[in-house]
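Hey, can you work out the whole structure from these sequences and the hints?
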Amino acid sequence: GDSVTQTEGLVTVTEGLPVMLNCTYQTAYSDVAFFWYVQYLNEAPKLLLRSSTDNKRTEHQGFHATLHKSSSSFHLQKSSVQLSDSALYYCALSDPGTQVVGQLTFGRGTRLQVYA
Amino acid sequence: DTTVKQNPRYKLARVGKPVNLICSQTMNHDTMYWYQKKPNQAPKLLLFYYDKILNREADTFEKFQSSRPNNSFCSLYIGSAGLEYSAMYLCASSRQRVNYAEQFFGPGTRLTVL
Numbered sequence: 001g002d003s004v005t006q007t008e009g010l011v012t013v014t015e016g017l018p019v020m021l022n023c024t025y026q027t028a029y030s031d032v033a034f035f036w037y038v039q040y041l042n043e044a045p046k047l048l049l050r051s052s053t054d055n056k057r058t059e060h061q062g063f064h065a066t067l068h069k070s071s072s073s074f075h076l077q078k079s080s081v082q083l084s085d086s087a088l089y090y091c092a093l094s095d096p097g098t099q100v101v102g103q104l105t106f107g108r109g110t111r112l113q114v115y116a
Numbered sequence: 001d002t003t004v005k006q007n008p009r010y011k012l013a014r015v016g017k018p019v020n021l022i023c024s025q026t027m028n029h030d031t032m033y034w035y036q037k038k039p040n041q042a043p044k045l046l047l048f049y050y051d052k053i054l055n056r057e058a059d060t061f062e063k064f065q066s067s068r069p070n071n072s073f074c075s076l077y078i079g080s081a082g083l084e085y086s087a088m089y090l091c092a093s094s095r096q097r098v099n100y101a102e103q104f105f106g107p108g109t110r111l112t113v114l
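Those protein sequence lines, which keep their order, are chains R and D.
So the first sequence is numbered by the numbering used here: it starts at 1 and just counts up by one.
So the second sequence is numbered by the numbering used here: it starts at 1 and just counts up by one.
A couple of the hints might just be wrong.
Taking lysine to aspartate or glutamate pairs in the EDC-like style, the calculated list, with each CA pair at most 16 Å apart, reads [stated by the list, open to error]:
{"#": "1", "chain 1": "R", "residue 1": "K69", "chain 2": "R", "residue 2": "D95"}
{"#": "2", "chain 1": "D", "residue 1": "K38", "chain 2": "D", "residue 2": "E84"}
{"#": "3", "chain 1": "R", "residue 1": "K46", "chain 2": "D", "residue 2": "E102"}
{"#": "4", "chain 1": "R", "residue 1": "K69", "chain 2": "R", "residue 2": "D31"}
{"#": "5", "chain 1": "R", "residue 1": "K69", "chain 2": "R", "residue 2": "D2"}
{"#": "6", "chain 1": "D", "residue 1": "K44", "chain 2": "R", "residue 2": "D2"}
{"#": "7", "chain 1": "R", "residue 1": "K56", "chain 2": "R", "residue 2": "E15"}
{"#": "8", "chain 1": "D", "residue 1": "K52", "chain 2": "D", "residue 2": "D30"}
{"#": "9", "chain 1": "D", "residue 1": "K5", "chain 2": "R", "residue 2": "E43"}
What the hints contain is simulated information worked out from the structure, not anything from laboratory work.
Please read all numbers here as calculations on a predicted model, not as lab measurements.
Structure representation (structure tokens):
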């Protein structure tokens, strides 16, 4: 089956500096879609980014990610983090087999803590 | 309104007692999901309803039940809670006519079993 790996449980960054949250995956499918969800404290997870196109940069709310099928990665990046970016970030994938009913395979999540 | 609501937000249960969690959405989504989230683990899909059809994951088949009396509501039922059921339970919904549809999540119910 599919697997999604987020190696860092916690990433701490000083406000104004760049950050990259790692996401790698394993799947037998070539036609897959990837998602980044963000969960702020005491709130519901919500979609941040979505992509299914290889080597195409996707951006939203200052964050960006590029799906690289050659390296099985979909890292999330931001050039200058803000205090309000502190949250839990999940990477997830959907493959053609599970896409029919919208099933997602999640990583364990990376908590981003931004300090002043 | 893209809100998914979950009740209660916090639930305390005794070992061996039943637990019933409720989820609702008003987006007319055809699919509703239940996930279990434990610390430092990925959200684990327990089951989902596509319209009126219930699909349960093989490894949780006997532990969780669910009902969907109408399009808007979905419940998660634990017949006899064990300590291992302590977790955050997330409900989500989506519309499956859209390729790689976004899932809309509720804020979760934190279940503590004592």
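Do the hints match the structure? See the list:
1. Restraint check: the Cα-Cα separation between K69 of chain R and D95 of chain R comes to about 13 Å, which is no more than 16 Å; the hinted pair holds.
2. The hinted pair formed by K38 of chain D and E84 of chain D meets the criterion: a straight-line CA distance of about 10 Å does not exceed 16 Å.
3. For the hint pairing K46 of chain R with E102 of chain D, the CA-to-CA distance comes to about 9 Å; that is within 16 Å, so the pair holds.
4. With a CA separation close to 10 Å, the supplied pair K69 of chain R and D31 of chain R stays within the 16 Å bound.
5. At roughly 14 Å between alpha-carbon atoms, K69 of chain R and D2 of chain R fall within 16 Å of each other, so this suggested pair holds.
6. For a cut-off of 16 Å, the pair hint linking K44 of chain D to D2 of chain R stands: about 13 Å separates their Cα positions.
7. With a C-alpha separation of about 27 Å, the suggested pair K56 of chain R and E15 of chain R falls outside the 16 Å cut-off, and the hint is violated.
8. Pair hint K52 of chain D plus D30 of chain D holds up; C-alpha atoms about 9 Å apart against a cutoff of 16 Å.
9. Of the supplied pair hints, the one linking K5 of chain D and E43 of chain R holds, its CA atoms being roughly 11 Å apart against a limit of 16 Å.
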